[in-house]
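Spelled out, the chains give:
Protein chains: 2
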Amino acid sequence: MKVRNCENITETEVTMDGAEKARMRLLISEKEGAENFAMRMFTVAPGGHTPYHFHDYEHEVFVLEGKGLLRGEDGSHEFASGAVIFVQPNEKHQFVNAGDSPLKFLCLIPVANKCA
Amino acid sequence: MKVRNCENITETEVTMDGAEKARMRLLISEKEGAENFAMRMFTVAPGGHTPYHFHDYEHEVFVLEGKGLLRGEDGSHEFASGAVIFVQPNEKHQFVNAGDSPLKFLCLIPVANKCA
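Protein chains in written order, with the numbering used here: chain A, 892 to 1007; chain B, 892 to 1007.
No lab work stands behind these hints, which were simulated from the structure alone.
Keep in mind that the hints are not guaranteed to be accurate.
It does not matter which identical chain is used: a pair holds within one copy or between any two.
[Unchecked claim] Straight-line alpha carbon distances no greater than 30 angstroms define the calculated DSS-like cross-link-like pairs of lysine-lysine that follow:
#1 K958 <-> K995
#2 K995 <-> K893
#3 K995 <-> K922
#4 K983 <-> K893
#5 K983 <-> K912
#6 K958 <-> K983
Computed from a prediction, not measured in an experiment: that's the story for all the values here.
If we strip away everything but chain A, and leave its shape as in the complex, we get:
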């Protein structure tokens, strides 16, 4: 077992095209022996957002702090801390900070090719 505080885990800028003022901590990954899915924490500053994009894997999201807007092809959904969000594979999505404080959320993804 491994116990750490999230604040002690390195945070890096999200450099993907379309991301603005978004930073990421890789909390649990294959490095810890997690073979099935990875836990990441995103912090999006006011005025910032993740890319508006899609991919062939799902997101399981839990919102820790702040207020946001989830953009998708079916419109936008407001959310706040305590929100639980499931984004299906191939759904277009974008997380936008809609408040004046940091938006912080966990976003988990499956580890690629785990069944190959």
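Take the given structure of chain A and dock chain B to it, following the hints.
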């Protein structure tokens, strides 16, 4: 995409042998279309704990509120909100509320037999 507040998701008592004053919300599961892993939220009241047990799948845990003790065969680890915990498959473990307020944490597990 599906957006809900965790407070609106049904909470049930954990009835597994060895659990005390522990309740669980199934936040994201196969019901939402999550084929790879499930997100659960546990709330353990003061004086309560999860079972001291092991199983052949991992736990990825993020602590939302409270103070706890993670018991294992290598001793006990104190933790508090913001803790990130990885429990390997087959490691004995128990989450104990070590404070005087509710201990709340997310605990994610792989969906069984997904590669079968």
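Violations among the numbered hints
Those not satisfied: there are none.
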